[in-house]
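Engineer: Please construct the entire structure, taking both the sequences and the accompanying hints into account.
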Amino acid sequence: MHKLTLTELAAGLRSKAFSSVELTQHFLDRTHQHHDLNAFITVSADSALQQAQAADQLLATGNAGPLAGIPIAQKDIFCTLGTKTSCGSKMLDNFIAPYDATVVEHFNSAGAVMLGKLNMDEFAMGSSNENSFYGPVRNPWATDCVPGGSSGGSAAAVAARLAPAVTGTDTGGSIRQPAALCGITGLKPTYGRVSRYGMIAYASSLDQGGPMARSAEDAALLLQVMAGFDPKDSTSVDQTVPDYSTSLNDSLQGLKIGLPKQFFSAELDSQMAATIQAAIAEYQKLGAEVKEVDMPNLQLAIPAYYVIASAECSSNLSRYDGVRFGYRCQNPADLTDLYTRSRGEAFGAEVKRRILMGTYALSAGYYDAYYLKAQQVRRLISDDFKRALSEVDVLMGPVTPNTAFNIGEKTSDPIQMYLEDIYTIAINLAGLPAMSIPAGFIDGKPVGLHVIGNYFSEAKLLNVGHRYQQVTDWHLQVPKGFE
Amino acid sequence: MSLTANDVKKIAHLARLGIAEQDVEHYAKDLSGVLALMTQMGQLDTIGVTPMAHPLDQMQRLRDDAVTETDQRDHFQTIAPQTEAGLYLVPKVID
Numbered sequence: 122m123h124k125l126t127l128t129e130l131a132a133g134l135r136s137k138a139f140s141s142v143e144l145t146q147h148f149l150d151r152t153h154q155h156h157d158l159n160a161f162i163t164v165s166a167d168s169a170l171q172q173a174q175a176a177d178q179l180l181a182t183g184n185a186g187p188l189a190g191i192p193i194a195q196k197d198i199f200c201t202l203g204t205k206t207s208c209g210s211k212m213l214d215n216f217i218a219p220y221d222a223t224v225v226e227h228f229n230s231a232g233a234v235m236l237g238k239l240n241m242d243e244f245a246m247g248s249s250n251e252n253s254f255y256g257p258v259r260n261p262w263a264t265d266c267v268p269g270g271s272s273g274g275s276a277a278a279v280a281a282r283l284a285p286a287v288t289g290t291d292t293g294g295s296i297r298q299p300a301a302l303c304g305i306t307g308l309k310p311t312y313g314r315v316s317r318y319g320m321i322a323y324a325s326s327l328d329q330g331g332p333m334a335r336s337a338e339d340a341a342l343l344l345q346v347m348a349g350f351d352p353k354d355s356t357s358v359d360q361t362v363p364d365y366s367t368s369l370n371d372s373l374q375g376l377k378i379g380l381p382k383q384f385f386s387a388e389l390d391s392q393m394a395a396t397i398q399a400a401i402a403e404y405q406k407l408g409a410e411v412k413e414v415d416m417p418n419l420q421l422a423i424p425a426y427y428v429i430a431s432a433e434c435s436s437n438l439s440r441y442d443g444v445r446f447g448y449r450c451q452n453p454a455d456l457t458d459l460y461t462r463s464r465g466e467a468f469g470a471e472v473k474r475r476i477l478m479g480t481y482a483l484s485a486g487y488y489d490a491y492y493l494k495a496q497q498v499r500r501l502i503s504d505d506f507k508r509a510l511s512e513v514d515v516l517m518g519p520v521t522p523n524t525a526f527n528i529g530e531k532t533s534d535p536i537q538m539y540l541e542d543i544y545t546i547a548i549n550l551a552g553l554p555a556m557s558i559p560a561g562f563i564d565g566k567p568v569g570l571h572v573i574g575n576y577f578s579e580a581k582l583l584n585v586g587h588r589y590q591q592v593t594d595w596h597l598q599v600p601k602g603f604e
Numbered sequence: 083m084s085l086t087a088n089d090v091k092k093i094a095h096l097a098r099l100g101i102a103e104q105d106v107e108h109y110a111k112d113l114s115g116v117l118a119l120m121t122q123m124g125q126l127d128t129i130g131v132t133p134m135a136h137p138l139d140q141m142q143r144l145r146d147d148a149v150t151e152t153d154q155r156d157h158f159q160t161i162a163p164q165t166e167a168g169l170y171l172v173p174k175v176i177d
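From first to last, the protein sequence lines stand for chains S and B.
Sequential numbering of the first sequence, starting at 122, is according to the numbering used here.
Sequential numbering of the second sequence, starting at 83, is according to the numbering used here.
The hints are simulated quantities; they were obtained by calculation from the structure and are not laboratory data.
Be careful, since some hints might not be right.
[Claimed, not checked] Okay, the calculated beta carbon distance ranges per label pair:
no., chain 1, residue 1, chain 2, residue 2, range
1, S, E604, B, K91, 52 to 62 angstroms
2, S, G203, B, T152, 12 to 22 angstroms
3, B, E107, S, Y487, 20 to 30 angstroms
4, S, G408, B, T152, 52 to 62 angstroms
5, S, G183, B, D156, 38 to 48 angstroms
Quick caveat: nothing in here was measured; it's all calculated off a predicted structure.
The C-beta atom is built at its ideal place from N, Cα and C for all residues, glycine as well.
Structural biologist: Take a look at the structure:
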C-alpha cells in the first residue's frame, strides 16, 4: 500500500481494496519499523486510528473528498489541537496547542488522517535537521547523511514511505532543499497562498507552507487542500484557487525556460551541473525552449536574507518568555531572571545566534545599515526576478550546491550551513513559488531540479513537474531497505 | 567589523537571552562571521531604492471593529506554567 500514489490510494479506499483503518495501521507499522530515521517527533497512533474509522464511515456514504481516509503527517510547526506541537524546540516540548492551524483544519475537513508530527530544525532554522531538540533525522538514501532542513523529517518520511504525503514550510529553502536531498517533490507556493495561521512564526514576511510528496501529481492534490484565503492570516491573499490537477497534462510545447547565469557559475559542482543540464535537455525534448537570463543581484540574497530573517525571528521569538506557555526555568529570582533563563535554557545555539543577530540589526544606530539596506537589496533581487519572468515562463537550475552531506559535517561553521541555501533563498525574498523535483543521482544520492515560476503560477509548476515525471522515473526510485 | 564579548553580552541583555559565560567568546566569533557576510550588501548602491517589506507589496488588510473572539481564558491557561485565580503568575515585581 505504501507504493501507491494518492490517486491510487483514493481509488483503493473507494473500491474497498483496503479500509482507511488498514491503510493507517500499515503506515503506523512502517513508522514504528523505521523509527531509527527519527523522522517523527510524535506518532499519534490512537487519534489517527480514530480519524481513520471516521473516514471509513464517510467513504461509505459516497460523499468523501479525494484525500478522505488517506494518512498524511504534519511538520511539527503546525499547531494541532490536543497533540504536542514542539517546533523542534525544548521551549515547546510541553506545548499542546489550544487550537488547530488553518492548514490542519483543512486536512481534517477533507477527512485526511494525521499519522503524527514530523521532526524539523528548531523553529525551522537550519538546513540539515541537526538543530532539532529531538536529534537529527537520517536520510533514507544514506543513513549517515542529513535529510536537509528545516523540513527534514517531512522529506525523510516521504522518501522512506512512512507517509504518502506530508506538509512542510519554506522560509529560505526548507521545503525544496530537503526535498532535493531526499529525492522527493516539494513545492513552496507563492507567499500568501497557504494560510500561516497556526503555523509557528519564524520570519513572517518569508514563511510559507506547502506540500511535500513523491510526485507533482500528488503534490497537486495536497496543495488543493492547503491553499486558499484565510481571514485569520493578515497576509493571506484573496485569490481564487485553481484546480491544480486539471492542467497537469498540458503540453510543454513552446515553454520558455530561463537559466539564470548566476545559477550556473564556474563554482557549481560539475556533476551537479551535468545532472541539471540533462534534466533541462529532457524538457527541450518535450518542446521547451531555453535561454540564459541575467540576475545580477542574486549574489546578495544570502546576506539580505540573514538580516531580514534574523530581525523577524528576534521579534517573533520574543513571545517565548516563560509566562503564558512553553518552558519556564526553575526558581526564577526575579522577572528578568525568569525571561533570561527560560529563554537561555530552552533555545538551542542556532536559534540564539539568529535572535542575537536580529536584535543587533534592529538596535538603535544599526537599523538603516542592516535592516533597511536588506529591504532595499530585497527589492533589487525581486526586480531581477520580475525582469527575468517577463521574458520566460519558468526559471530552472539546481536546488542545492551539493547532495546530502554527512551528519556533523557542517555544524561547526554556521556560514557553511547558510550557503546550503544559496539557490533557494532569493525566491523567498521575492515571494515567488518554486519547486524541487527529483532529477537524478550523484553517487547514489538524489539531486533536485529547481523550477521557479511567476506569482500564483503553482498550477504551471505542477504541470512542468508532472510532464517531466511522465518521461522520467527518478521520482519512482525507492531507497534500499524501504521498498 | 566584528563583535566583542561585551557586545554579545549587551545584545543578549537586550534580547533577554541567557548566554553561558563560557559560550560568549564563541558567539562573538560566530556572529562576527555572520556580520562580515551581511556587510557584503555594502557593495550595492541602493540610493533611492524603495525598501521591500512584503513580497507582494500588499497593504495591511483591515477588518470590522467587531468582537469575534470568545472568552477562552481557562482553556488557554491549562498550558501556562503557573496561574492563580485566572491570572498568570510571575516573580514579585514590586515589594
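Engineer: Name the hints, by number, that the structure is in violation of.
Structural biologist: Per hint list: zero violations.
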